[in-house]
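First residue of the sequence shown: 12, per our numbering; consecutive thereafter.
Worth flagging that the hints you see were computed from the coordinates, not collected in a lab.
In this text, a Cβ means the ideal position worked out from N, Cα and C, and glycines have one as well.
Among the hints, erroneous ones may be present.
[Stated by the list, open to error] Beta-carbon label-pair distances, calculated as ranges:
{"no.": "1", "residue 1": "Asp372", "residue 2": "Trp145", "range": "14 to 22 Å"}
{"no.": "2", "residue 1": "Ser155", "residue 2": "Leu374", "range": "18 to 26 Å"}
{"no.": "3", "residue 1": "Gly211", "residue 2": "Gly354", "range": "23 to 31 Å"}
{"no.": "4", "residue 1": "Gly354", "residue 2": "Lys209", "range": "34 to 42 Å"}
{"no.": "5", "residue 1": "Ile263", "residue 2": "Asn147", "range": "25 to 33 Å"}
{"no.": "6", "residue 1": "Trp348", "residue 2": "Thr208", "range": "41 to 49 Å"}
[Said to hold, decoys possible] With a straight-line Cα cutoff of 30 Å, these simulated DSSO-like cross-link-like pairs (lysine-lysine) come out:
{"no.": "7", "residue 1": "Lys310", "residue 2": "Lys261"}
{"no.": "8", "residue 1": "Lys126", "residue 2": "Lys252"}
{"no.": "9", "residue 1": "Lys283", "residue 2": "Lys199"}
{"no.": "10", "residue 1": "Lys126", "residue 2": "Lys209"}
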Amino acid sequence: TMKTGASKSSSRPTHTIEKETTTVRTTRVVTTERRAKTASAGVASKPKKTRCSSPIAFVIHFCVSLTLCCSAVSALTNQQKMTTKSPYHGVSSDQSKYAELAFANVPGFTRSKLKPDYAMIAHESRVYGGLFGWENTNGAYVVSPGMNKATILMTMVSMNTKAKSHAPSPGAWRFAFVLDGKCSIRYKDEDAEAEATKEGLTAGEYFYFPMNTEHEIYTDSDNQCELVMYEAFTKPKLNGKPDEFPTGQKVIVGETDSLPNIETPGEIFRLKKLLPQTLEYDVNFHVMDFAPGETLNVKELHHPQHGLVILEGQGIYRLNDDFMPVQQGDVIYMSPWVTQWYGALGKNRTRYLISKDTYRDPLRDSNP
């Protein structure tokens, strides 16, 4: 009796399973038919919810979501820091533009290069840190006398709100060009024998302080500012004694686009000179504009050194035997007697700012 009962007991579950299997198959067929009718009626079915199939998948999904969220918050925060977005914004300390470039993710790759006679410092190679004596300010030295043959100091300056500058080394002049944001200056006006103030300087405006001029660059509580700044020791007076320095230099404050273009016979680029072309000044700063496809006609080779920053555009810069692809934000230093040439490429104009030594004795430059 027990054997027969066991046999009946084991046969019932088998029959039940087969029946349930048939029911499931029937349900699937009906469900498929309903979906087909819904699709033919043009009614979109609700997407299925995806679930993580394992704890590891859940952790990966969570980490990726958290990373994307943090990146979005960080990008929003950086965007809020500087809202003016001048044409020169890409030259500033904002790295967001360059984070999208493919080469930025290649380990160890950079276009930056230091050669005996020149250097090319790409945007991604800048290293920012505090500037000596400055308040609420970071800077990246891109050209310095620690570089081969350079006698200028060139700094990318990033001023936060309520920032304040520090005086340059005694005997040095200072020139700064506003890239983005807004800053103000105050200085001692020798002619008026009083303090002068220029407030709200914006992109394209610039200022020059002769050696030993008391001055201050600052921002208020609502504005930040990005500058490219040049400094160098003033050179002795032309045809003067080694310790005789020029007199008559003035504080200069100007705006680039308000200046007229200067004729450049044999060339097709547009040129503006930001400082007076007189014997008192041992340096000048040129803003040069090239339409796409325009080039330098002269393949230059000369004594004056250059410190250059690409403000807009892109192209090819020849430096001795190297043809370097360059773009907005790149900095180039050229020592005396470097073969140099530029060709503008792309869809937009190239504009760059370049320093040039003027009205000084090359013998003293070479034998300080």
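Status of each hint after checking the structure:
1. For the hinted restraint 14 to 22 Å between Asp372 and Trp145, the CB-CB distance of approximately 34 Å leaves it violated.
2. Restraint check, Ser155 to Leu374: a C-beta distance of roughly 24 Å satisfies the suggested window 18 to 26 Å.
3. The hinted window of 23 to 31 Å between Gly211 and Gly354 is violated, with their beta carbons roughly 37 Å apart.
4. Hint check: Gly354 to Lys209, Cβ distance near 37 Å, so the stated range 34 to 42 Å holds.
5. Checked against the hint of 25 to 33 Å, the pair Ile263 and Asn147 passes, with Cβ atoms roughly 26 Å apart.
6. Distance hint for Trp348 and Thr208: a CB-CB separation of about 43 Å, consistent with the stated range 41 to 49 Å.
7. About 34 Å separates the Cα atoms of Lys310 and Lys261, which puts this hinted pair outside 30 Å; it is violated.
8. Annotation: proposed proximity of Lys126 to Lys252 is violated, straight-line Cα distance about 34 Å (limit 30 Å).
9. Between Lys283 and Lys199, the direct Cα distance comes to roughly 27 Å. Compliance with the 30 Å bound is thereby established for this hinted pair.
10. Distance restraint check for Lys126 and Lys209: the Cα-Cα separation of roughly 40 Å exceeds the 30 Å cut-off, and the hinted pair is therefore not satisfied.
When held up to the earlier numbered hints, the structure conflicts with 1, 3, 7, 8 and 10 and fits the remainder.
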